[in-house]
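Chain A is fixed; fit chain B onto it per the hints.
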Amino acid sequence: SAVISQKPSRDICQRGTSLTIQCQVDSQVTMMFWYRQQPGQSLTLIATANQGSEATYESGFVIDKFPISRPNLTFSTLTVSNMSPEDSSIYLCSVAIIDTEAFFGQGTRLTVV
Amino acid sequence: DQQVKQNSPSLSVQEGRISILNCDYTNSMFDYFLWYKKYPAEGPTFLISISSIKDKNEDGRFTVFLNKSAKHLSLHIVPSQPGDSAVYFCAAITSGTYKYIFGTGTRLKVLA
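So the protein lines, in turn, are chains A and B.
With the working numbering, the residue at position 57 of the first sequence is 61, and numbering never jumps.
With the working numbering, the residue at position 57 of the second sequence is 658, and numbering never jumps.
Bound conformation, chain A alone:
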């Protein structure tokens, strides 16, 4: 298993600003992901954070809006840029030790006003 620490746990932000969410894992992991859960919706994969290279984004998500860093095998950040109220969601960091079980951080609840 893996212990994932995510911060901040919640934030209220003004529209037009940016927020960077940090994810720290207690062990080195190859596969690291960022998900979004909008109110009443399922968890949706934003991107795979690749160590040492650009993240791989899913359809509907772009690097300019959600820049991701992955400087090493235990840490990643997700930035939500130029925020609007539609970005209000829970953002979750996830790792997969093997591809058949994913572990999640506690999430960051973002409210954009």
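What the hints contain is simulated information worked out from the structure, not anything from laboratory work.
Be careful, since some hints might not be right.
No more than 25 Å apart at the CA atoms, straight line, and that leaves these computed lysine-lysine pairs for DSS-like [unchecked claim]:
#, chain 1, residue 1, chain 2, residue 2
1, B, Lys-700, B, Lys-657
2, B, Lys-700, A, Lys-69
3, A, Lys-11, B, Lys-700
4, B, Lys-710, B, Lys-655
5, B, Lys-700, B, Lys-672
6, B, Lys-669, B, Lys-606
Computed from the model, here is a short list of chain B residues facing chain A with C-beta under 7 Å [claimed, not checked]:
#, residue
7, Ser-609
8, Tyr-633
9, Pro-641
10, Glu-643
11, Gly-644
12, Phe-647
13, Tyr-699
14, Tyr-701
15, Phe-703
16, Gly-704
Keep in mind that this is a model prediction, so the values were computed, not measured.
All residues carry an ideal CB built from backbone N, CA and C; glycine is no exception.
Below, chain B alone, put in the same frame as chain A:
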């Protein structure tokens, strides 16, 4: 296109009785299925999983059943306890892709 569906947004069950949560999928390439439990202000935690080569997997009070022909799986909790009250997400994956597809969740309330 919702590839994984949980059609019941909520479920209430009396303590001690059986809780049955259902999940349907459309993609026949999925070969591994998982259930996650989520409490408020926490991330999802892994509960139980099943490979497509099996039709049942049991872990204590939790049993997952898979019907591949119907593309349907269910999670049974027996007996249900108040601490089981949470949102349960079904997820599916094709091995090797690392791309988990989640359902929208079912909120289970176990009444004491």
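Quick rundown of the hints versus the structure:
no.: 1; hint: Lys-700(B) to Lys-657(B); result: holds (23 Å)
no.: 2; hint: Lys-700(B) to Lys-69(A); result: holds (21 Å)
no.: 3; hint: Lys-11(A) to Lys-700(B); result: holds (24 Å)
no.: 4; hint: Lys-710(B) to Lys-655(B); result: violated (29 Å)
no.: 5; hint: Lys-700(B) to Lys-672(B); result: holds (18 Å)
no.: 6; hint: Lys-669(B) to Lys-606(B); result: holds (15 Å)
no.: 7; hint: Ser-609; result: violated (14 Å)
no.: 8; hint: Tyr-633; result: holds (5 Å)
no.: 9; hint: Pro-641; result: violated (10 Å)
no.: 10; hint: Glu-643; result: holds (5 Å)
no.: 11; hint: Gly-644; result: holds (4 Å)
no.: 12; hint: Phe-647; result: holds (6 Å)
no.: 13; hint: Tyr-699; result: holds (5 Å)
no.: 14; hint: Tyr-701; result: holds (6 Å)
no.: 15; hint: Phe-703; result: holds (4 Å)
no.: 16; hint: Gly-704; result: holds (6 Å)
Checked against the numbered hints above, the structure breaks hints 4, 7, 9 and satisfies the rest.
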